[in-house]
Amino acid sequence: MTTRKLYAHDPGGPVWEIPAAGAARFGWEYEDGRERLLALYQKGKDKQWDAGRRIDWDLEVDPYDPVGVPDENLMIYGTPYWTKMSEADKRELRRRFASWQFSQFLHGEQGALVCASRITESVPDLDAKFYSATQAMDEARHVEIYSRFLHEKIGMLYPINPSLQSLLDDTLRDSRWDMPYLGMQVLIEGLALAAFGMLRDTTNRPLPKQILTYVMQDEARHVAFGRMALRDYYKQLSDAERREREEFVVEGCYLMRDRLRGTEVLADFGIPQAEAEELSERSEFLQFFRKLLFSRIVPCVKDIGLWGEGLQRAYVEMGVLELGDSSLDQLMRQDEEIAEQLDAERFAAEEAARAAEVAAAIEAGAEG
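Note that our numbering has the sequence shown beginning at 301, numbered continuously upward.
Since the hints were derived computationally from the structure, they do not count as laboratory data. Just so you know, not all the hints are guaranteed correct.
[Unchecked claim] Computed list of lysine-lysine pairs in BS3-like fashion (alpha-carbon distance at most 30 Å, straight line):
{"no.": "1", "residue 1": "LYS535", "residue 2": "LYS390"}
{"no.": "2", "residue 1": "LYS429", "residue 2": "LYS343"}
{"no.": "3", "residue 1": "LYS509", "residue 2": "LYS347"}
{"no.": "4", "residue 1": "LYS343", "residue 2": "LYS535"}
{"no.": "5", "residue 1": "LYS429", "residue 2": "LYS591"}
[Stated by the list, open to error] Using C-beta positions, here's what the derived DEER-type ranges look like:
{"no.": "6", "residue 1": "GLU452", "residue 2": "ASP629", "range": "35 to 41 Å"}
{"no.": "7", "residue 1": "ALA655", "residue 2": "ASN504", "range": "23 to 29 Å"}
{"no.": "8", "residue 1": "ASP629", "residue 2": "GLU544", "range": "26 to 32 Å"}
{"no.": "9", "residue 1": "ARG613", "residue 2": "GLN342", "range": "38 to 44 Å"}
{"no.": "10", "residue 1": "ASP469", "residue 2": "ASP629", "range": "30 to 36 Å"}
{"no.": "11", "residue 1": "TRP607", "residue 2": "GLN348", "range": "32 to 38 Å"}
A quick note: this is a predicted structure, and the numbers were derived from the prediction, not measured. C-beta atoms are modelled at their ideal positions from N, C-alpha and C, and glycine is treated no differently.
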């Protein structure tokens with residue numbers, strides 16, 4: 301069965317084409333490089349992994365409750381629409397929301413794959429080309445993982461959300477080499493990390509927990525890459541050039557905030573668009589979730605040197621300005637530690653099971 305048959309709505313043409321902008325850049329210095337970035341490149345090589353082996357795809361998943369998050373997280377929970385729903389409709393709603401959310405993860409990861417490839421092509425420094433090449437491999441793995449989860453475990457996909465598509469379009473159409481960094485490494489990857497983390501820490505389902513945990517381990521390196529490269533470069537820009545980047549960030553943050561409504565799913569249950577948007581605005585959980593999603597973006601933007609008055613005003617309006625003082629390094633360390641702990645727990649359980657099997661075989665042999 302082709303993917304197209306699994307889409308809840310027509311995704312449009314089979315290919316979305318964005319005209320290439322900017323130049324491919326070659327450099328002739330092959331020895332010199334920034335120590336921190338080369339160390340990150342080495343880590344990127346060391347941390348490669350096989351999604352078919354590290355993730356236990358034999359784990360069962362209920363397609364009508366694949367993530368197992370509380371119903372209170374659904375924006376129509378407690379409304380008259382929820383009260384009138386049959387149990388079958390509620391099961392289908394859970395399935396569709398999970399499908400919509402993981403579909404956006406999938407489309408975003410394909411965008412990250414394209415952006416990492418664009419960075420490899422356009423960035424002038426060889427050390428950055430080295431690392432972005434490892435990131436392209438990471439992003440290909442993430443596309444593989446989310447695609448497999450949607451196809452094999454949920455059996456339904458949603459087209460790319462218009463706001464996410466718009467931000468990707470703006471990012472890839474810009475001819476300046478730093479814009480794929482800013483649009484993808486800082487905005488889209490930062491938001492994705494927070495969304496992944498929220499689900500990772502609330503799901504009680506082993507398979508999505510593995511997927512989110514291991515993907516986040518990779519993404520922590522990607523955000524570190526963007527911070528290193530942009531922090532160095534943005535120190536050299538004029539005030540006018542920095543303001544242009546800040547305006548791009550503000551527009552991107554509003555797009556990402558508006559992306560989180562999930563009104564496409566509510567429309568499938570006959571809820572008019574305007575009312576679906578109103579329900580999303582009134583949802584206490586969604587308000588909390590939106591703020592949490594900027595926990596990785598705001599401190600990163602501040603760290604790379606984009607912190608002008610216009611940007612700060614926008615963050616005040618969004619209610620996220622205080623997040624600029626958060627420790628991004630601490631969050632990234634936690635992502636690494638959680639992945640390592642999950643590996644240790646899984647391998648210990650597997651080793652115990654193997655030891656029990658061997659002991660049982662020895663005992664059976666002795667009795668025989």
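Can you tell me whether the CB distance of ALA655 to ASN504 sits inside 23 to 29 Å?
Between ALA655 and ASN504, where Cβ atoms are some 27 Å apart, the hint holds.
Holds or violated: LYS343 with LYS535, Cα cutoff 30 Å?
holds (26 Å)
Does the hinted range 32 to 38 Å hold for TRP607 and GLN348 at CB?
holds (35 Å)
Hint check for ASP629 and ASP469 - Cβ pair distance inside 30 to 36 Å:
Between ASP469 and ASP629, where Cβ atoms are some 32 Å apart, the hint holds.
ARG613 and GLN342, beta-carbon distance inside 38 to 44 Å?
Since ARG613 and GLN342 have Cβ atoms about 41 Å apart, the given range 38 to 44 Å holds.
Given the hint that LYS535 pairs with LYS390, does the C-alpha gap stay at or below 30 Å?
Status violated; Cα separation ~52 Å.
So if I understand the rule, the pair passes when the alpha-carbon distance is 30 Å or less; does LYS429 with LYS343 pass?
holds (15 Å)
For the pair supplied as a hint, LYS429 and LYS591, confirm whether the alpha-carbon distance does not exceed 30 Å.
Not satisfied, since the Cα-Cα distance of roughly 33 Å exceeds 30 Å.
Just to be sure I understand the hint, the distance between the Cβ atoms of GLU452 and ASP629 should be within 35 to 41 Å; is that true here?
About 36 Å separates the Cβ atoms of GLU452 and ASP629, which means 35 to 41 Å holds.
Within 26 to 32 Å or not, the Cβ separation of ASP629 and GLU544?
holds (28 Å)
When you check the alpha-carbon spacing of LYS509 and LYS347, does it fall within 30 Å?
holds (19 Å)
Of the numbered hints listed earlier, those contradicted by the structure are 1, 5.
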